[in-house]
Amino acid sequence: MDIHKFVKYVHMTCNNFFSRHNVLTFFYLFPVRAAATILPTRTVRALGRLLSHIYALPLVAGERRKSLEESLSRAFRDKKTADEIKELSGCCIHNAISSYIDDLILPRIDNRSLMTSGKIEGMENLMTALSGQRGVILVSGHFSGNRVAKRFLRDKGYPILSVRNRYPSHLKANHTEMNYLSMKWHRLLDVVVADHVFTEDNGFGLEILRRLRENGLVSILFDALNSKHIIECPFLGSTRLFSADFLRVARLTHASVLPMLCIGNSSVFTIKFEKEVELDTHEDMATFLSINLRKIVKTMESHVLAYPTHWLFM
Amino acid sequence: MTTETTIRDRIRKVLAHKLELHIENAAFIEIGRLDEIFGMDSIAVIEFVIGLEQEFGITIPSENLDIEILKDVKKLEAYLRRELNDKVI
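The listed protein sequences derive, respectively, from chains A and B. Residue numbers for the first sequence, in my numbering: 130 to 443. Residue numbers for the second sequence, in my numbering: 2 to 90.
What the hints contain is simulated information worked out from the structure, not anything from laboratory work. Everything numeric in this text was worked out from a predicted model, so none of it was measured. Just so you know, even glycine gets a beta-carbon here, dropped at the ideal spot from N, CA and C. Just so you know, not all the hints are guaranteed correct.
Covered stretches of chain B (in silico footprint by chain A; criterion: 3 or more residues with CB under 8 Å from a CB of chain A, positions within the stretch not fixed) [to be verified]:
#1 44-56
#2 60-67
Restricting the straight-line Cα-Cα distance to at most 35 Å, the calculated cross-link-like pairs of lysine-lysine (DSBU-like) are [said to hold, decoys possible]:
#3 Lys404/A with Lys19/B
#4 Lys76/B with Lys357/A
#5 Lys76/B with Lys404/A
#6 Lys215/A with Lys76/B
#7 Lys427/A with Lys76/B
#8 Lys72/B with Lys357/A
#9 Lys424/A with Lys19/B
#10 Lys404/A with Lys134/A
Far from chain A, by Cβ distances over 10 Å, these chain B residues were calculated [what the hints assert, rightly or not]:
#11 His18
#12 Asp73
#13 Ala79
#14 Glu84
Sequences are here, hints too, so could you generate the full structure?
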């Protein structure tokens, strides 16, 4: 066998079982998580800040920062200088790590301190939607404050059913991540996101229907590929795939669709409810999904442009 | 009078109209489990539930929105028969 082919084969095989991403995930799920269960939350946050500074170093996250800078440049075209883009990419990493640290400490943060850390904008929009008695589908992207916002709203008396993927949807997930780390990760998230259904479960549609009929809230992260209907939409100077099945649910149940934005971390965070989306009615399902999804993607694009460092999928 | 056969026919009608699943009666009995024809598309289950409610003029209460009832033809027939009887009474 050609030596180069052999080296490539060994590299691919090893990567399939053991990647740098696996090491970082393992580090987070075991030693960092163990430390977070015994250290005071303030210390864990400080530890998180320290880790984010280390991880943001170009030497450690060179590839990640490069891809972030490319995405940010594409999103802002010529509106930001190279230095500003560099700074933003560093902030993206800090915010992502803050969000991961929150996952470790959220179950330990008491209700009172959480209530003083968060604020809601557009609560009247949620109230108006709830007054329709048809249930509300809260649509958002993967923003930094999502999980803290859900805990906050639950504590305020607005429990939200989260729709989640059981397995990682990104294509780079290798054998170790799919079969071991993702399960450990989900066990951690099961505690943080107490109220959830998995898209892989057979009856998840019924759980959504039940919650909407009780005039409850259902959260959909439509920038994750967890849907049978996926539509490509113009987004941030390029195109991106978005899940559209939540619009099928809205059409069937007449539930209100409300874009939601959650930014920040458990120290300071903001939840913003936009006005209910007026869905265009079309007989043809494909047209209905395409037109309305584009409308919602535009709102999300404006969220990302306003808070680029808080979108975890940048 | 509502018999199991007619209930079954009406379930088939919902599947045909709402989900565009045209299943012959013989095949329908053989399938038994509806989740085998839904596949992984759980949104189709919502469509099916709403279709059943429209067809039979009932509202399936939250506690009965159970995949175990909906995926089993016999259980579903029995459930709908009970609901229809209660409605008549």
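Of the hints given before, which are not true for this structure? Violated hints (numbers, rising): 5, 6, 7 and 10; every other hint is consistent with the structure.
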